[in-house]
Structures are given as C-alpha cells and as structure tokens.
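*Asks:* The residues making up each chain are set out below.
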Amino acid sequence: MQFHPESPVLHDADLSRLRFVTDLKRHLFAKAGPENRRLYEARLAHPDDKAPRSPQAAGARREEIRLGMEAEPYFQAWSAVLRASQDLMWDYVGRVVDGDLDRLTDRFAAAKARSSGSVTTDPTLAVPDYLASRDTHRMPGSYHADQRPDDVRAGAVYDLGGAIYQLGIGNATGALLNDSRGRTLVAFLHRNYPALAPLRILDMGCSAGHNTAPVCAAFPKAEVHAIDIGAAMVRYAFLRAEGLGLPAHFSQQNAEHTNFEDGSFDLVVSQIVLHETTPEAMQRIIAESFRLLRPGGVAVHLEVPIRYEHFDVFDQFFRSWEQYYNDEPNIEGVGVADFRQLAEQAGFTGVHTGFQPIPAKDVPTPALSASPLPGSWYIVAGTRPA
Amino acid sequence: MPALNSQTVQLCGDPNIDRLFAMVLALGAELTAVSEELDTLKRVITEQKLLAPDSLKRYRPSPDAQAERDAARSAFVATLMAPFEQAIGAPGEARAGAR
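These protein sequence lines map, in sequence, to chains D and Y. So in the numbering used here, the last one in the first sequence is 417, and the numbering has no gaps at all. So in the numbering used here, the last one in the second sequence is 393, and the numbering has no gaps at all.
All clues given are correct.
For lysine to any residue, the following SDA-like pairs were computed, each having C-alpha atoms within a straight-line distance of at most 25 angstroms:
| id | chain 1 | residue 1 | chain 2 | residue 2 |
| --- | --- | --- | --- | --- |
| 1 | D | 252 | D | 230 |
| 2 | D | 62 | Y | 322 |
| 3 | Y | 336 | D | 44 |
| 4 | D | 62 | D | 74 |
| 5 | D | 62 | Y | 304 |
| 6 | D | 252 | D | 322 |
| 7 | Y | 343 | D | 44 |
| 8 | Y | 336 | D | 45 |
| 9 | Y | 336 | D | 41 |
| 10 | D | 143 | D | 278 |
| 11 | D | 62 | Y | 321 |
| 12 | D | 62 | Y | 324 |
| 13 | D | 62 | D | 356 |
| 14 | Y | 336 | D | 42 |
| 15 | Y | 343 | D | 43 |
| 16 | D | 62 | Y | 317 |
| 17 | D | 392 | D | 225 |
| 18 | D | 62 | Y | 318 |
| 19 | D | 62 | Y | 326 |
| 20 | Y | 336 | D | 50 |
| 21 | Y | 336 | Y | 367 |
| 22 | D | 143 | D | 208 |
| 23 | D | 62 | Y | 319 |
| 24 | D | 62 | Y | 311 |
| 25 | Y | 336 | D | 46 |
| 26 | D | 252 | D | 224 |
| 27 | D | 62 | Y | 325 |
| 28 | Y | 336 | D | 32 |
| 29 | D | 62 | Y | 314 |
Between beta-carbon pairs, the in silico distance windows are:
| id | chain 1 | residue 1 | chain 2 | residue 2 | range |
| --- | --- | --- | --- | --- | --- |
| 30 | D | 180 | Y | 344 | 40 to 48 angstroms |
| 31 | D | 394 | Y | 349 | 53 to 61 angstroms |
| 32 | Y | 351 | D | 158 | 51 to 59 angstroms |
In short, the hints are calculated from the structure, not lab data. C-beta: ideal position from N, C-alpha, C; glycine also.
Assemble the whole structure, with the sequences as input and the hints as a guide.
*Replies:* Encoded structure:
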C-alpha cells in the first residue's frame, strides 16, 4: 500500500512490524508512562514541588528529579524500552525506504521534468551545530543526510517515521498523512484572520512537506514556498506535493537567514521547528519571519504543547524526556520561552499565544485556549504592523 | 543506512540490559509480522481450497526455497545482533566493563 500517491510502498510484513512499534509506543506512553509519576511521588517528591515556581527558577530542582529518576530501575527500564522502540521504528522505516529507493528516485526525476513547482538545493549550505551535533529524535542521518544523486531517502524516512511516531503518541487524526499540524494552523488562521487571502506563503522547516500540504490546499491561489535544511528533505517534499496535486517551490535553506527579500510574503509559518533548534536560533527564526513579511502580513509559529508554566516541577522534567533521552535539542528551550515577549521583541503586534485543538469534523474551531487541552498544538502568531 | 549520531546517556546500569531490551523488541515485531503473514496464508489457502490435508506437514523446501529461507534467517540474525554491533564504543561501555 501507499499512504499518498508518491509515498514509499509498504508491504504487509512492513505494516505488521510498524503496527507493532505503534502499539508498543502507545502502551509505553499511555499505560506504562504514568507509573513514573507514582514512582516520583512515592520516592522523590518534596512538599515544595507543588508550590508555584517560575520555570526558570525550578531548573535546579528539575535536575535533581532527573538524577533521582535515572537511579530508579523502573524509569531506567521504561526509558530504555521507549528509546529502543524509537530505534526499531527508524530501522524498519529505513528498510522500507531502502527497498523502494530506486523507484522513488526515478519518480522524483520524472516529477521534476513536468512540474509547475520547483526544487532547489544548495550543496554549500552549512548545517547548524544544533542539527549536526546529534541525529534529532535518533533518526540516523537526521534531516541533512544526502548520499546519492537526487537522494530522497531522508525525506521518505522522516515522512513515514514521523507518522508512525504520531500514531504511537496517540494522535491518529491524520493517520499516515500526519498532517494535523497543518490542519490546526489553517483552522487557527481561518478563525482569527478570516480576511487573510495570502498570495505568497513561506513554510519554514518543512521537512517532508506533510504539513505544507494543508496550507497549500487552504490557499489554492497562493504561490507557496517551503524551505528545509536537508537536500533530500526538499526533494522528497517536492515529490510528495506533486503526487498530491499541490505543487510548491521547495528550496534548501536555513530558516534563521533565508535568501528571500524583505517583505516578500503575506504569510510565513513554521510547524514544530523551534523545539529542534536553540533559544538563540528561535529568536533568529522569529525575527526572520518578521523580516520576510510585507506590512500587514501574518506569521504563525506552531509548536509542541510543552509549556512549563502549566506543569508542576515533575512534569517539567518528565514532559522533556525526549530532550534527555531521544536526542531532541531544545524541548526545555520551548518549555521555558516567553513566546509573547519574543514575538513582540521581533516587532510583531496583535500577538496571539495559546493552545489550538486539532480540528475535528463538524466541530467549529474554538478560540486559542490559555491552558493546555488534550490533542492540541501551541501557537504564537502576530502581524507585521503596516 | 547512516550510522546514528547520539548524545543521550546510558539508561540502565548495565549497557547489556539496554541491548537486551532492543533485542526483545525486535523479536516481538518479527513475531507479529510472521504471525500475521501466516494468518493471511492460512485464510487464503483455506478460502480457495488449495490445500490438501497434511500438505503443510508433508512439505519439504526445494534447494532454492531453502536458500531463500537461509538468506532471510541470516538477515534476521543480523537485525537481532545489531544492538551489540552499534553499541561498541558507546557511552558507559568502559565503565560497565570495569565493574
């Protein structure tokens, strides 16, 4: 089977293995995970932990809790199995893609020859240290591996692996299309900027393009550009978009400093990019989104819903598990960030921050929620003043 | 497949425990795949009445079929052993060995 017209082909045995990984992750997150809090409360909790404390001031206590939990056999085993499930997922996904890579490469060449979109790579582009120093979320080769002519491997691996991961954490709303972020972002835009009719859109850090697609579909008159650090990412994202009939212009660029001119877009978005950078890079990416907007244009940065101000000190640590044990570089940076202040410092006005539920069929889009809701993404948005 | 570049810590006191977990998970996934494939086979041949009684028990693979099975089994053993091969030089390795 294929999960979109240009996806890798999955055979029954591949699906069996990947379903096993998905079930395993679901069990680990939903059933076995909560035991860690009971363990903390029985062995490590301190009466002061429940007292309100700023996320920054709680840093030392988070570290104490991390070290305490790492000494507990249950946490060790749960974490080791969860990490092993991640490695197994990438291993199987990698094998699916490797078995189909020649065909995918041919499909890319054919799509490039006939497309109304485009794809541009830059072999001289430097990979920032926060991406080069580790393979983000343990995907071997990360976003930027580019190992053969017209390589699309990293994009195909990330497309399928990212979808399996989302199913594993219990977000099945997009199935293997894994497009809940794009759909959430579009729902937010329609509700909060009903008059917005962008003619030029930029998606920063598009990876496999799975969340660029809903944005393209929502604004069919717009010329959509999408950038990513990885050459194989943008090639695959281009192919994927072609297959869905949603052509766009993909280029290999760093979201911190792109080659587009000042004021050249009506809408600039990023979708779960910031938590894979650094606190300093987040500021630069938000500033770059401001530079690229025409006066009156809108930027939306959608992120993981991990906001420390809503968590007690144990959850501040535990919800950042992926930073410590899954090679995610900046979960804590997002957790403690004051996004309203960051956006206003960059020059944005009319700033919105809050949690946006993933859209459900026949349910009107609610306003952003000030506090976390199950099945939601975090959003910071603002306008470049006229 | 590219090699993994990781900065994460050793989780269990003995790195062999981490490897054992990885092996068990790979076995679980493979067992799931085999069980489901076998289930598919049985249903198809039963529905299509292709199988005489005792056919499965009496079956002996041809040399070519046996060679294919051998290759598949070798590949599976390589998967099962991958956590050991990947762990050489991993953080915690020297410390655990010194205990």
